[in-house]
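A.B. asks: Each chain, written out:
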Amino acid sequence: MRRYVIGRLLLMIPTLIGVAVLTFVIMRAVPGDIVALQYAGSAVPQSVIDEQRHLLGLDKPMWNQFTDWMGQIAHGDLGQSLWTGHSVVDEIEIRLPLSLELAVIATLLAVVIALPLGVVAAVKQDTWVDYAIRVFSIGGLSLPSFWIGLLMVLFTITVFNWAPPLVFTPITEDPVANLAGLILPAIAIGYRYSAVSMRMTRSTVLEVLREDYVRTARAKGVRESVVVMRHALRNALLPVVTVISLEFAFLIGGLVVTEQVFNLNGIGKLLVDAVAHRDYTLIQSLVLLLAAVFVIVNFAVDMIYVVLDPRIRYA
Amino acid sequence: MAELVSSADIIARRRYLESTGRRRFVRFWADFVRRRPLGTAGAVLIVVMIVAAALAGVIAPYDPVKINFADLLEPPSPEHLLGTDPFGRDVFSRLVFGARTALLVGFASSVVGCSVGLVIGVVSAYFGGRVDTLIQRLMDVLLSFPLIVIAIAVVAALGTGEDKIGNVIAAITVPIIPRVARVVRASALGIVNMPYIEATRAVGSGGIRIMFRHVAPNVFAPYLIMLTAFLGQAILLEASLSFLGLGVFEPTPSWGLMLRGAGMQFLERAPWLAVAPGVAISLAVFGFNLFGDSLRDALDPRLRTG
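Taken in order, these protein sequences are the chains called A and B. Here the first sequence stands for residues 4 to 318, where the numbers follow our numbering. Here the second sequence stands for residues 51 to 356, where the numbers follow our numbering.
These are calculated hints, taken from the structure and not from any lab test. Among the hints, erroneous ones may be present.
[Stated by the list, open to error] Under the rule of at most 35 Å between Cα atoms (straight-line distance), these lysine-lysine pairs were calculated in the DSBU-like manner:
hint, chain 1, residue 1, chain 2, residue 2
1, B, Lys-116, A, Lys-63
2, A, Lys-63, A, Lys-272
3, B, Lys-116, B, Lys-214
4, A, Lys-127, A, Lys-272
5, A, Lys-63, B, Lys-214
6, A, Lys-223, B, Lys-214
[Said to hold, decoys possible] Label pairs and their calculated CB-CB ranges:
hint, chain 1, residue 1, chain 2, residue 2, range
7, B, Phe-78, A, Thr-70, 35 to 45 Å
8, A, Phe-158, B, Pro-125, 16 to 26 Å
9, A, Val-132, B, Leu-274, 41 to 51 Å
Every residue gets a Cβ at the ideal spot worked out from N, C-alpha and C, and that includes glycine.
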């Protein structure tokens with residue numbers, strides 16, 4: 004077990020290096036760098052532009068830029084944003100609470116919707132209840148969450164004469180104002196992501212309900228509710244946990260569009276702005292960070308398996 | 051009830067296996083329509099959308115790009131079924147022509163993405179060993195980015211503009227590839243070790259022939275299922291990218307684009323601008339998802355594509 008854990012942790016390194024190389028190369032392949040964008044449209048002499056490039060280290064050979072960056076990271080230094088000049092850590096620190104909180108609320112909502120509905124749909128397979136739940140869940144996959152967001156804003160404005168606040172309040176300052184700003188986006192996102200876990204719950208519970216031990220449990224007279232909750236759901240939980248965790252990892256950086264609709268200053272917006280500005284250091288660190296979250300969550304899921312299912316042992 | 055359904059399943063399956071060729075095709079779909087009402091509803095939505103796109107010139111009452119300053123922001127009326135936008139363009143006509151953009155981007159990116167993914171998955175499973183490890187690590191790297199982030203990076207790399215719809219297609223294609231490759235590889239792994247593959251090799255078939263003549267046809271079911279699933283996702287992604295200003299450009303009619311500018315700006319004054327394109331996107335994606343879901347149930351109930 005210990006050897007397995009160490010091996011898995013070590014395997015993260017090549018994956019993250021792969022991500023680093025890929026991001027680095029893709030960003031340099033994008034035409035136009037930050038200096039060209041800063042001086043776009045103004046009649047600045049070439050010498051100024053060259054000097055600015057030199058100052059930012061963009062005139063060095065690509066290979067050197069890459070090793071410099073890797074060296075920095077090895078020292079635990081993510082560098083400065085080329086656009087604002089603030090340290091990358093600061094830029095991320097401002098936005099992380101919002102993105103993290105939104106991801107947590109949305110995931111909780113998704114689980115609360117998905118688990119019961121998924122189980123009910125499986126138990127009532129091929130009845131109108133099942134059909135209704137499936138239509139509801141496919142709806143979640145089909146309605147663009149940014150559009151649901153628009154409609155919800157429109158609805159609360161016209162019916163309650165209330166619009167979500169434009170400024171984010173940290174939960175430590177004023178929990179009510181904080182929730183007021185996040186609840187609508189959380190619903191829009193949570194509905195979409197509940198759909199994926201709901202479908203997963205339904206199909207795994209269906210599979211487990213056909214197992215021999217479920218028939219045995221029924222045969223010896225165990226109540227149906229106990230059969231479903233203890234025998235079926237517990238055994239169906241593993242793939243569901245996987246899906247939910249991976250979604251959570253994606254939610255932290257992937258909410259680009261929803262943040263736009265609700266005017267939230269989160270990690271997704273930071274990433275899009277960084278790409279637009281060709282802010283190499285910020286993009287690279289951010290992508291690396293998101294990939295690290297993803298890889299670590301992936302690892303954590305495998306560890307949770309052992310707790311949920313004692314039959315699983317990693318050798 | 052459960053027993054009844056499963057015996058109906060068995061009978062349908064046997065009838066299907068006994069038939070061949072065109073008969074088999076007809077039988078499969080007749081069965082599909084009879085036993086999967088949700089999937090059939092999805093298919094109807096898809097057909098409606100394809101017809102709208104094909105006959106856009108006939109159906110749309112106005113020119114979708116013609117600016118008309120006499121009718122700015124008109125609410126829905128008999129002349130303008132879904133009202134007009136801030137340029138006086140007819141929303142209904144733009145919606146109908148928008149179906150062309152959505153279907154073009156959707157079909158092109160999911161067909162290319164799924165086919166490339168199929169080839170990578172089959173090659174990975176066939177060769178195994180180091181080739182497999184290398185390809186899978188590469189796919190892992192691609193998978194650790196959120197879909198939209200890869201799409202944005204590709205759009206940024208290739209550039210956006212009025213006539214660059216090909217770049218939008220490429221941006222949506224790239225993130226589809228690793229997702230398909232992984233599922234195809236998993237299915238193909240079960241096939242490459244089967245005795246008939248060994249027999250094929252024994253009679254002297256080469257690697258390419260084995261891969262594409264004998265392995266690929268047997269992973270066609272997951273391929274088809276993912277194709278329909280990603281068609282919906284691709285349409286959704288095109289709408290999202292256009293909404294962010296990174297996709298299709300004005301004046302091309304695109305549903306996401308219609309939501310972006312006017313839909314946001316005139317949300318209170320002209321809500322029809324935000325409602326109509328959103329309904330169109332939702333119904334289109336809904337149709338493909340319903341259809342894909344039932345297709346999965348019919349072809350391969352154990353497959354989990356998420």
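A.B. asks: Would you check the hint for Lys-223(A) and Lys-214(B), treating anything up to 35 Å between C-alpha atoms as holding?
C.D. replies: Violated - the C-alpha atoms of Lys-214(B) and Lys-223(A) are around 66 Å apart, more than 35 Å.
A.B. asks: Does Lys-116(B) pair with Lys-63(A) here, judged by a C-alpha cut-off of 35 Å?
C.D. replies: 50 Å, violated
A.B. asks: Falls inside 35 to 45 Å, the C-beta gap from Phe-78(B) to Thr-70(A)?
C.D. replies: 58 Å, violated
A.B. asks: Is Lys-63(A) close enough to Lys-272(A), meaning Cα to Cα at most 35 Å?
C.D. replies: Given that 35 Å is the threshold and the Cα spacing comes to 29 Å, the pair holds.
A.B. asks: Given the hinted pair Lys-63(A) and Lys-214(B), is their alpha-carbon gap at most 35 Å?
C.D. replies: 32 Å, holds
A.B. asks: Assess, step by step, whether the Cα of Lys-116(B) is no farther than 35 Å from the Cα of Lys-214(B), and give holds or violated.
C.D. replies: 21 Å, holds
A.B. asks: Taking the beta carbons of Val-132(A) and Leu-274(B), is their distance inside 41 to 51 Å?
C.D. replies: At 29 Å between Cβs, range violated.
A.B. asks: Has the hinted range 16 to 26 Å been met by the Cβ atoms of Phe-158(A) and Pro-125(B)?
C.D. replies: 19 Å, holds
A.B. asks: For the pair supplied as a hint, Lys-127(A) and Lys-272(A), confirm whether the alpha-carbon distance does not exceed 35 Å.
C.D. replies: Judged against 35 Å, a Cα distance of about 42 Å means the pair is violated.
Hint violations for this structure: numbers 1, 4, 6, 7 and 9, all remaining hints satisfied.
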